Amino acid sequence: MSKKAFRPDVDAPEWRGGYTPYDIIKEGTIALLVVAILTIALAVVFGSPDVKAVTLKRWANAAPVDFAATALSELNGTSTSASYGAPYNKNSTGQQLGPLQLAKWVGVRIPIDAATAFVLDPLRSLPNQSTLSGDLTQWKTASNGTRQQWITSYTKAATKMKFQAGQVVVNANNAGPVPVFINDLTQMARSGALDQDLVTSNGFYTTDYTLPLLFIADGSYLENLATAQHLTGSQWGMMNETGSYPGQAWLWLYTFWYQVPPFNQSGNGDVLVWGLMMVLTAGLILMPFIPGLRSIPRKTRVYRLIWREHYKE
Amino acid sequence: MSTTEVDRQWTTRLRRRATAKLPPEKLLPDTQPSYVASWIYVFGVTTLAALIVVIATGCLLAIRGPQWWHGSYIGHFVNSMHLWSVEIFFFAMVIHLWGKYFMAAWRGGRSLTWVTGGVTFLVSILTAFTGYVSQTNFDAQWISTQAKDGINATGGGAYFNVLNLGQMLMWHIVLLPIAAVVLTALHVLLVRVKGVVPPFADTSDAS
Numbered sequence: 001m002s003k004k005a006f007r008p009d010v011d012a013p014e015w016r017g018g019y020t021p022y023d024i025i026k027e028g029t030i031a032l033l034v035v036a037i038l039t040i041a042l043a044v045v046f047g048s049p050d051v052k053a054v055t056l057k058r059w060a061n062a063a064p065v066d067f068a069a070t071a072l073s074e075l076n077g078t079s080t081s082a083s084y085g086a087p088y089n090k091n092s093t094g095q096q097l098g099p100l101q102l103a104k105w106v107g108v109r110i111p112i113d114a115a116t117a118f119v120l121d122p123l124r125s126l127p128n129q130s131t132l133s134g135d136l137t138q139w140k141t142a143s144n145g146t147r148q149q150w151i152t153s154y155t156k157a158a159t160k161m162k163f164q165a166g167q168v169v170v171n172a173n174n175a176g177p178v179p180v181f182i183n184d185l186t187q188m189a190r191s192g193a194l195d196q197d198l199v200t201s202n203g204f205y206t207t208d209y210t211l212p213l214l215f216i217a218d219g220s221y222l223e224n225l226a227t228a229q230h231l232t233g234s235q236w237g238m239m240n241e242t243g244s245y246p247g248q249a250w251l252w253l254y255t256f257w258y259q260v261p262p263f264n265q266s267g268n269g270d271v272l273v274w275g276l277m278m279v280l281t282a283g284l285i286l287m288p289f290i291p292g293l294r295s296i297p298r299k300t301r302v303y304r305l306i307w308r309e310h311y312k313e
Numbered sequence: 314m315s316t317t318e319v320d321r322q323w324t325t326r327l328r329r330r331a332t333a334k335l336p337p338e339k340l341l342p343d344t345q346p347s348y349v350a351s352w353i354y355v356f357g358v359t360t361l362a363a364l365i366v367v368i369a370t371g372c373l374l375a376i377r378g379p380q381w382w383h384g385s386y387i388g389h390f391v392n393s394m395h396l397w398s399v400e401i402f403f404f405a406m407v408i409h410l411w412g413k414y415f416m417a418a419w420r421g422g423r424s425l426t427w428v429t430g431g432v433t434f435l436v437s438i439l440t441a442f443t444g445y446v447s448q449t450n451f452d453a454q455w456i457s458t459q460a461k462d463g464i465n466a467t468g469g470g471a472y473f474n475v476l477n478l479g480q481m482l483m484w485h486i487v488l489l490p491i492a493a494v495v496l497t498a499l500h501v502l503l504v505r506v507k508g509v510v511p512p513f514a515d516t517s518d519a520s
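Sequences listed follow chains A and B, in order.
The first sequence lines up with residues 1 to 313 when you count with this note's numbering.
The second sequence lines up with residues 314 to 520 when you count with this note's numbering.
Source of the hints: derived by calculation from the structure; they are not laboratory data.
This one's a predicted model, so the numbers in the text were calculated from it and none came from an experiment.
Heads up, none of these hints are tricks.
Restricting the straight-line Cα-Cα distance to at most 20 Å, the calculated cross-link-like pairs of lysine to aspartate or glutamate (DMTMM-like) are: (1) B:K339 / A:E14; (2) B:K334 / A:E14; (3) A:K26 / B:E338.
Chain B extracted, bound-state conformation (with noise of 0.2 Å):
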């Protein structure tokens, strides 16, 4: 196979923007600008830690089908835990989104990082909200029953039916999880290729 060959394939030219885009050293870097230094940017490794641990809790649950943790007392203590990691993942989340609004971290180029980061959280809203529909207990009748009016006054309920448990499930196990997983990795890839947005300017804030 001659050089040229190589060259053409699309594997070879793929690598090459990507490792030109992201070279090692941006996806694992081991320095980072000394402005980099605020308590506010923990929160968008704690979001990403609850997501991992909302995601490990989940699929526990899933081992066992939906309905075993309400007679199970190890059961019910993973769902707690799945609870728990949720709440911290939005109040991790939350916060990272103020932080970094009030940054203004869409500065610099990083306009598609702000906008991953937006649906994503939206993305997750809607996880979050299936799941609730999902519990099969009386949390998710009455939230299933509340929310319908809501989305069918839209038009949406005649295809996102809040009512059809089997629907609502699919939804909140794999449908928007992946969405998640993949909006996610695509929003920290862009934080890595554009690195973290500087400070404004002394003479920007004036003005």
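With the rest of the complex left out, here is chain A (with noise of 0.2 Å):
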């Protein structure tokens, strides 16, 4: 029988040399007692961001025009949220990679109806409001054709929207209930009701922030925050966090895809993103079973100033 070929990226010489004294406990003991200290010494030097959280609150009291366009936003069905697709609803086909539509296979798993779940649903949580409550019963009773009229009125006239003494003003014809819902919802968010109520509306015990979330994310009020502090997609994106702090910077690769076309100017940037580091994944992971990438270690020979007391031997 033949002995089978020696492959120098796959098969590994015998070790026939010497062996030096080598204690592992020790080692790993002064490596901990390192680390610790060094923690320690980084922790009382630089500390860590802790920039407080947007709430509709806030939002509502600092940019009343941007939430109350936003709130409109989500009535009309032009939001992100409103028009996204899956997993939330299905008013979009989402993203494909080529011929995949995995986001719209998956189907809405989570799903959420802007209107009903930004604006409807809470203005109808809110007690002892009797023209709020005509208004609500309006627009149930309504016909689909007559909604979206009013709301079309409103949208045409909300260009020039205005806050003025504690009130969203659009001079709207024809606008139906509509006008009431954004400056009532408004109202609702400046008192920190509205906060309340997306958090709790599956019951009173919750960690889901799905629906105050989004509800923020299709505002401007938190991208103005986050290009403030070099936080957008353009800007290395969420790799980064709040203040001089080194982030999630593992995340480089990710991250360098979305500064460069065709992912920054495709419509299909994240799933095409996704879909290349998948592979490159692949590719780290099953670096030994791979004929070419195997052998770059032992052509570009860094290996022999590793181990370049070795082979001064």
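Since each chain sits alone in its own frame, please combine them into the complex, following the hints.
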């Protein structure tokens, strides 16, 4: 039987050289102490960032027109969430990876009707609001065509939306109950009641912030704050964190693709980046089995630097 | 009880297999091959040390709950230690990974050691990510609302909802740390079983 040929990128030569004393427990203990001391030193010197979370109350008080315009976009279906597609609704086919419509195939698993979840349900939760109750009934009993007519009239006039004397002002005719909806929701948000309503809509105990986060992300306020903190996608996005901290620097390659074409110009950018990263990740993990890639270490000869003492001998 | 009966016990079989694969002198060696003499070897044990500090500081944060650190000086300091130990962990891990790549450390039947290391790296990234979105502050809001689009585009967002704090926190403090610790233990045991990869033979680099 012939002996199998030695493959230098797969097989390793048997070590026939010498051995030196090695105290693994001592090495581990010293490493732990050094890392602990370094951690404490970095924590003392640099601390950690903790910028307070944005609330709907803060947003509606700081930028009431942006809030009201976002509320309108939830009602008229033009917000990011309202037109998102899966997993929230069916209002878009979502992104595609070639012929693969992954999100659409998985379907709507976190159903959100933006108009109902962000505007109508919160307004219904307000007690003792006789005008609003009447308007909600008017909305409920109106035909879809009439509702659309009201929304269109209000949306057209809302380009000149103002916030005066604590009220949302839009000079819209034939807008039905929409002006009351938008103004009352803005007042509700300014009082803090909307924050509570969106997280407790499914019960007293909750840990799910999907609704308020989607609503806040639909507006410009959060993004403006993020831009000021250099956190937007074109500024290497989510790998950063507020202040001058390293953030998730290990996500550099993932974030890098968002900075370059075609990923930063494609409507399918997210799924393209994810697809590419999955291929690269599989390549990393399966490196030992990929001819060519597994030869790079031997051919670049960086190992001679690592084992320079050995090769000197 | 007869000797044969003892020999057939699952416990006996497992102990014999385990000690044959990994005798005490391999598990806790007191010598090492002379080629293990480079600064690059420090980063594996540094990664392990940092993981211990990460887990310890995470446990301290868990004692008083996820929002304690916002209103407590001590809590904020513990959070800072958690953050910086994570940074050290990834710094050491990435250098360890590159070092092992240039050593082609998968050679000599060590493929599974490489694979477990690679998967541990991925699990660690996911663990850190779920930590970032569980901070209950502005960073958590921004990172989660940005990240949702990528995950949703793959269909994964339907089951892994980054806007659901409860889900993310549970993954961060239970599921992923268990996975990371088990994978790390497996990785270290494989290193002990197979030993540290020897250098390329002098003749092989030119081929």
